[in-house]
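Engineer: Following the hints, put chain B in place on chain A, whose structure we already have.
These protein sequence lines map, in sequence, to chains A and B.
When the letters of the first sequence are read in order and numbered with this note's numbering, they come out as residues 509 to 670.
When the letters of the second sequence are read in order and numbered with this note's numbering, they come out as residues 253 to 386.
Take these hints with a grain of salt, some might be off.
Cross-link-like lysine-lysine pairs, in silico, BS3-like; alpha carbons within 27 Å at most [claimed, not checked]:
hint, chain 1, residue 1, chain 2, residue 2
1, A, 628, B, 292
2, B, 337, A, 633
3, B, 318, A, 633
4, B, 318, A, 606
5, A, 628, A, 667
6, B, 328, A, 667
7, B, 328, A, 606
8, A, 628, A, 606
9, A, 633, B, 328
Here are the computed distance ranges between Cβ atoms for each label pair [what the hints assert, rightly or not]:
hint, chain 1, residue 1, chain 2, residue 2, range
10, A, 612, B, 324, 45 to 53 Å
11, B, 344, A, 609, 49 to 57 Å
12, B, 342, A, 642, 34 to 42 Å
13, A, 648, B, 323, 46 to 54 Å
Keep in mind that the hints were calculated from the coordinates and are not lab data.
Note that the coordinates shown come from a computational prediction; the quantities given were computed from them, not determined experimentally.
Virtual Cβ for every residue (Gly too), placed ideally from N, Cα, C.
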Amino acid sequence: MPRSIVTRCVPVILAVFVLSSCAAMQQTYEENPKAVLGSLIGAGAGAGIAAAAGGGAGWMLGGAALGGLLGGVIGNQLDKRDKEMATQAANRAFENNKTGQTSVWNNPDTGNSGTITPTKTYQLKTGQYCRQYQQTITIAGQQHQAYGTACRQPDGTWKIQS
Amino acid sequence: MRLIATSLVIVGFLLALTPAQAQGPAKTYDPRTAFAEADKNGDGEIDHEEMYERIVEVFYFADANKDGYLSVEEFKQFPFPDDFKRADTNGDGRISLREYVRLREQDFEAADTDHDEVLSLDEVITAYEGKKKK
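So here's chain A without its partners, still in its complex pose (with noise of 0.2 Å):
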């Protein structure tokens, strides 16, 4: 087995706690890595596409978020430009909307698109700030919505925790 499969493998399984057999998985993987770790429930599984598909920091919020949505199946049929406006937004909901105020993105490239609405404001007791959100993406006319919480990273970075 290689070693890249197996550092993938054993940080999802301690993360998420949901893998049936590495094995089984080390061959879908080979077929299609993104699928792999997209279909890992969670956030981190969902970073993890963003990683696979070699995206840099800007990458990991909009990753995350939609790995928070439908991980692998989103991470599929989403567009290396629908990533990013999905990033955009999410950033520009998390920093700057009020609650219940909502961000869309549109590619009218490939007619996909996106909403993502904060839900709700809290502070850890470190200070740092949370929002929760809901998020929605339609592919091919058809919606896919999620909920998450999303924390803000020293740097000013949004990190998707859920």
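Structural biologist: This is chain B only, laid out in the frame that chain A set:
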């Protein structure tokens, strides 16, 4: 008595203050609009939970540098910057969210003249108009 009157007014302003306005000096207030924004469930009353959520959001947008505290400068965005001393209960020169919540919850209690644990629009407007007359 004066303290109570002042507290009533503060609640009115708190409810009137929108996060967008909190990013700069507030110039105009519409208590009805602000009340509607705070009244998340639309039942015509502001309960403690709605008030708390409102307070946190106002605090978030007022905290320009996002360090988790309100400085004297950041507090000047509010209609009553002199409240800073009242809010800074530990005297560290900055306002934590806990201090800010405590300040505004005191205002809530003072504004709740019928003691039903919710604020009506009338109570908010009364507080707001009371300050305008001063």
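Engineer: Could you run down the list of hints and mark each one as holding or not?
Structural biologist: To see whether the hints hold, each was checked on the structure:
no., hint, verdict
1, A/628 - B/292, "11 Å, holds"
2, B/337 - A/633, "23 Å, holds"
3, B/318 - A/633, "14 Å, holds"
4, B/318 - A/606, "15 Å, holds"
5, A/628 - A/667, "16 Å, holds"
6, B/328 - A/667, "30 Å, violated"
7, B/328 - A/606, "21 Å, holds"
8, A/628 - A/606, "9 Å, holds"
9, A/633 - B/328, "24 Å, holds"
10, A/612 - B/324: 45 to 53 Å, "38 Å, violated"
11, B/344 - A/609: 49 to 57 Å, "33 Å, violated"
12, B/342 - A/642: 34 to 42 Å, "37 Å, holds"
13, A/648 - B/323: 46 to 54 Å, "49 Å, holds"
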